[in-house]
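Participant: Listed here are the chains, written in short residue letters.
Protein chains: 2
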Amino acid sequence: MINITKINVIWLWKAGLPLAAHIAKKWIEVIWIDIDQKRCNFINEWWNPIPEEAWLSELLEKHWGKELFATSNYTKTKEGNVFIVIVPLFIDAHNNPDYSIVDVVTKSIGQNLKSWDSVIFETTFPPTTTETRLKNILEKESGMTEWKDFYLGYSPERIMTWVSLSRFEEFPKVIWWVSEKSSKIVHDIYSKFIPNLNKVKNSKTAEYIKVIEWCYRDTNIALANELYKIAEELEIDFYEAREFANHQFCDVHTPSTWVWGHCIPVYPHFLIKKMEEANKESYRTLLNTSRNVNEDMINYWAEKIVLKALEINKPLKEVIILVKWITYRKWVKELYHSRNLALAKLLKRKWLNLKVYDEMYNKNEIKELGFEYWEKWDIEFDCFNLELK
Amino acid sequence: MINITKINVIWLWKAGLPLAAHIAKKWIEVIWIDIDQKRCNFINEWWNPIPEEAWLSELLEKHWGKELFATSNYTKTKEGNVFIVIVPLFIDAHNNPDYSIVDVVTKSIGQNLKSWDSVIFETTFPPTTTETRLKNILEKESGMTEWKDFYLGYSPERIMTWVSLSRFEEFPKVIWWVSEKSSKIVHDIYSKFIPNLNKVKNSKTAEYIKVIEWCYRDTNIALANELYKIAEELEIDFYEAREFANHQFCDVHTPSTWVWGHCIPVYPHFLIKKMEEANKESYRTLLNTSRNVNEDMINYWAEKIVLKALEINKPLKEVIILVKWITYRKWVKELYHSRNLALAKLLKRKWLNLKVYDEMYNKNEIKELGFEYWEKWDIEFDCFNLELK
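These protein sequence lines are chains Z and R, in that order.
Numbering of the first sequence is given in the working numbering, commencing with residue -19 and proceeding in unit increments.
Numbering of the second sequence is given in the working numbering, commencing with residue -19 and proceeding in unit increments.
Hints are not guaranteed to be accurate.
[Stated by the list, open to error] Calculated Cβ distances over 12 Å to all of chain R for the following chain Z residues:
| # | residue |
| --- | --- |
| 1 | Leu214 |
| 2 | Ser270 |
| 3 | Trp354 |
[What the hints assert, rightly or not] Derived DEER-like restraints, expressed as beta-carbon distance ranges:
| # | chain 1 | residue 1 | chain 2 | residue 2 | range |
| --- | --- | --- | --- | --- | --- |
| 4 | R | Asn76 | Z | Tyr219 | 28 to 34 Å |
| 5 | R | Leu290 | Z | Thr(-15) | 51 to 57 Å |
| 6 | R | Thr234 | Z | Gly123 | 44 to 50 Å |
| 7 | R | Lys164 | Z | His227 | 25 to 31 Å |
| 8 | R | Glu223 | Z | His227 | 19 to 25 Å |
| 9 | R | Leu290 | Z | Ser52 | 56 to 62 Å |
| 10 | Z | Lys94 | R | Thr234 | 41 to 47 Å |
| 11 | Z | Glu38 | R | Tyr219 | 39 to 45 Å |
| 12 | Z | Asn24 | R | Thr234 | 47 to 53 Å |
| 13 | Z | Lys284 | R | Asn116 | 41 to 47 Å |
| 14 | R | Asn259 | Z | Asp16 | 33 to 39 Å |
| 15 | Z | Trp331 | R | Ile(-18) | 55 to 61 Å |
| 16 | R | Ile(-18) | Z | Glu339 | 51 to 57 Å |
| 17 | R | Lys94 | Z | Asp217 | 31 to 37 Å |
Note that these hints are calculated values from the structure, not bench results.
Here the structure is a predicted model, which is why all the values come from computation and not from measurement.
For each residue, glycine too, the CB sits at the ideal point set by N, CA and C.
I would like the entire structure built from these sequences, with the hints used as guidance.
Facilitator: Set out below in structure tokens:
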């Protein structure tokens, strides 16, 4: 068995902090790296930046200052011999993956890498990213060779904010290695804190596994959205129908505008772009259509809202339309790729009397986003309660 | 409670006969109408045309000549006061529903309808078919008015060949009525032999429920097919990945060419055509894409097979390519919309040395379909075993 001195977990609050806390729970020392030293100082004083995460506060209180230590200083990582990287991978305006963050982090690791260290990535990547791009950066920056001098692995995170900590204990996790030697070492490390660990053939398989899970969701929500539009057109109650259509072999999802956040609207593009690069456009038609159907739902809803507002016996300018909830998910204060926010912007461009309410945002924050705040969220607006989740 | 004298079940072997047998099992007399009197004679002599259907032979042996009687003579239906219609609805070459059979049957019923009779359709229809087209035919042919003079209901069949009889006992079934009076009567009738019976708002909802169940399947198989093509392109083992991607919230289906038969390739078109008629093409883009992805899979497989054949160290003309199984499903001897048959035709057009084997078809039957039969189905062919189910 490998002797772990310390494990360095490289940032991303929502995913990295629960993982760090989970590892600390197993009495393994963790150095948690963040780019912002101020934030590290706060955290070292037991401040929990993700209060919505069940059991996290308890774990932080128990382990900060003992098994857990936060720092922005990469040279501190030399105390450990394992790096776990869990940084965000965004897409740009053209839906291409934006590797800038992961490249910088990987370079920093390469520059601080010692012989026999292990690097394991947890970020969701387009297939082949670990074995090509990231391996190359690590080897170039460290001047060392993977498997001979250091070990490389990939094990995609499969957590869900709120229940991340229980997921580490229960959820099947896949892992990959390059050489047989890497394999044993990377597997040994993860076995210390992940009970349900499954080896797969190679890193691109592990990368692909994580991505298709979210393609499944995107396509099935797109199907629900499309079937909802058809039901409305035929004046059929979609929700009544769904109740009876579903059974053990049928799982029609719920329609909504809520296909947002860091996963569903992002990961399908990883495969779409791969196929476009390979000149196999015909291999991504369904994924592409699903993305378009879901993205387009704000136009459908905007039209519905305007028609509804016109039915009210008031001048359109006086009809108060309230968009409730703009966050990623309830109790998760984040707006990345928020479709309700996009819907609010769309409605505002139509010069409607639009108000926004979200329990996670105060009046000033809503104002800064460019909207009027509505305090009386449960009463006194005219147009229907747009709680589309 | 209504007093049922006899129930007339109007044909379709695979669906109608199990239903007739199931009703007879509840000691209700059934007249089973078929267009072919010769076939009726055979059936009245206890011949079971669907031996693959579990428990059907036992039920037929017990009830034929007692609770069950087959005839092609519609005037015999006058002995009963309930009609259950379970006839096929095909689509034509342009994917429009072909109502010719159901129209003829409905006319015959209308002409033989007595006061206070009930008519319940079980065929899968495009939403609104029962409440418009079929109601109109019945009223016109009978000269009577629905709810005043006779009762009309709709309850889509949800059986599955092999296990149809157990499905009647377990599976949730939806039902609809026109007026309150129809409601009570139609519901009373079905309650006598269907335990899990659920009322929905109207007939078009019940029609829509049945159709979306199959849209779910079509889209999810299309997704699996697309993800399979991507995995192959990236040299990833799709089946290994699928095993680890799936969990309680993820159900990636299995890829295949087997999207055929009377349901999956047919029912999505019912909604697609409805939206096209309403000039709402944008409301059916995903359903349409899914259909195209699945239909197109034979081209993908044909290309793969040719490439595989070219790898073999023999002249291409000497490489024996075997298509195994051309039926709808194993043990169901039917070729409607068979994609393996379409694949075999496609390969034959490419002048390949093609053989066909299917346990359900003998040498002559395969010959009549225009293919060479291959007896040694388990050995001695060159190209890979195309058992794509």
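Participant: Now tell me, hint by hint, if it's right for this structure.
Facilitator: How the hints compare with the structure:
1. Leu214: It is violated; Leu214 (chain Z) is separated from chain R by about 5 Å at its closest Cβ, not greater than 12 Å.
2. Ser270: Per Cβ check, Ser270 (chain Z) is inside 12 Å of chain R; nearest 6 Å; violated.
3. Trp354: The claim holds: Trp354 (chain Z) sits with its nearest Cβ about 32 Å from chain R, beyond 12 Å.
4. R:Asn76 <-> Z:Tyr219: 28 to 34 Å: holds, 29 Å
5. R:Leu290 <-> Z:Thr(-15): 51 to 57 Å: holds, 55 Å
6. R:Thr234 <-> Z:Gly123: 44 to 50 Å: With Cβ atoms ~46 Å apart, the hint holds.
7. R:Lys164 <-> Z:His227: 25 to 31 Å: holds, 27 Å
8. R:Glu223 <-> Z:His227: 19 to 25 Å: Because 24 Å falls inside the window, the suggested range holds.
9. R:Leu290 <-> Z:Ser52: 56 to 62 Å: holds, 58 Å
10. Z:Lys94 <-> R:Thr234: 41 to 47 Å: Holds - the Cβ-Cβ distance for Lys94 (chain Z) and Thr234 (chain R), about 46 Å, lies within 41 to 47 Å.
11. Z:Glu38 <-> R:Tyr219: 39 to 45 Å: holds, 41 Å
12. Z:Asn24 <-> R:Thr234: 47 to 53 Å: holds, 50 Å
13. Z:Lys284 <-> R:Asn116: 41 to 47 Å: violated, 32 Å
14. R:Asn259 <-> Z:Asp16: 33 to 39 Å: Given range 33 to 39 Å: violated, Cβ gap about 54 Å.
15. Z:Trp331 <-> R:Ile(-18): 55 to 61 Å: Hint holds: Cβ distance 59 Å, inside 55 to 61 Å.
16. R:Ile(-18) <-> Z:Glu339: 51 to 57 Å: holds, 54 Å
17. R:Lys94 <-> Z:Asp217: 31 to 37 Å: Holds, since Lys94 (chain R) and Asp217 (chain Z) (Cβ atoms, about 35 Å apart) stay within the stated range.
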